[in-house]
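Using the sequences and the accompanying hints, generate a full structural model.
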Amino acid sequence: GAVVSQHPSRVICKSGTSVKIECRSLDFQATTMFWYRQFPKKSLMLMATSNEGSKATYEQGVEKDKFLINHASLTLSTLTVTSAHPEDSSFYICSARDSVQGTYEQYFGPGTRLTVT
Amino acid sequence: GDSVTQMEGPVTLSEEAFLTINCTYTATGYPSLFWYVQYPGEGLQLLLKATKADDKGSNKGFEATYRKETTSFHLEKGSVQVSDSAVYFCALRGDLAGNNRKLIWGLGTSLAVNP
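These protein sequences, in sequence, are chains H and V. Plus 52 on top of the position in the first sequence (first one is 1) and you've got the working numbering. Plus 1 on top of the position in the second sequence (first one is 1) and you've got the working numbering.
No wet-lab data here; the hints were simulated from the structure.
Derived pair list, reagent style DSS-like, types lysine-lysine, alpha-carbon separation capped at 30 Å: (1) H:107 - H:94; (2) V:103 - H:94; (3) V:69 - H:94; (4) V:103 - H:72; (5) V:61 - H:94.
Every value quoted in this text rests on a predicted model; they were computed, and no experiment measured them.
Here is the structure:
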């Protein structure tokens, strides 16, 4: 089955530093990847949609200069949280859509727990 | 716009009890409907889906029927196990092109099954 990996699974950083999270589709090509944020006991909040080779589309209220997304290849998208603050602590999840099958099925990564101290 | 409403949790059941998690939706056209499951410490997994009215999705003993007349997609399982303890998310994807066909999510329902 389609597998999506995320790295790192957990990261702790100091306030003011930047953190990069990688999302990879391991056995399929993904022209579109999605980045979500999940708060404790809350649903998923879509942050942005990342299309390979073009600029990401951010949801309303998400700061694009703070959450930098790069989708440079069909198997890799990265989310960089710049100048992180404690309120950015959260669980970040990516998903990738199989572009070859054309089913619009999304496959999810295991998530990255970010803690900003 | 499109939306999904699912029952609030947490839901606590004893092993072998019957499970229902309600999900209703608002959407134009003919959306596809999904149930995802998130086990503790793991990522989201697609549990089942239905793409048109009256379709029944099923997997691992779970079932949900796409009811257009009641705009519902309730999740059911006849006999839950401890291993079913997880958070369950109902979601829809619109049938209209554009907007990257985003998934619209419910808030999630936490299920705890006691032995």
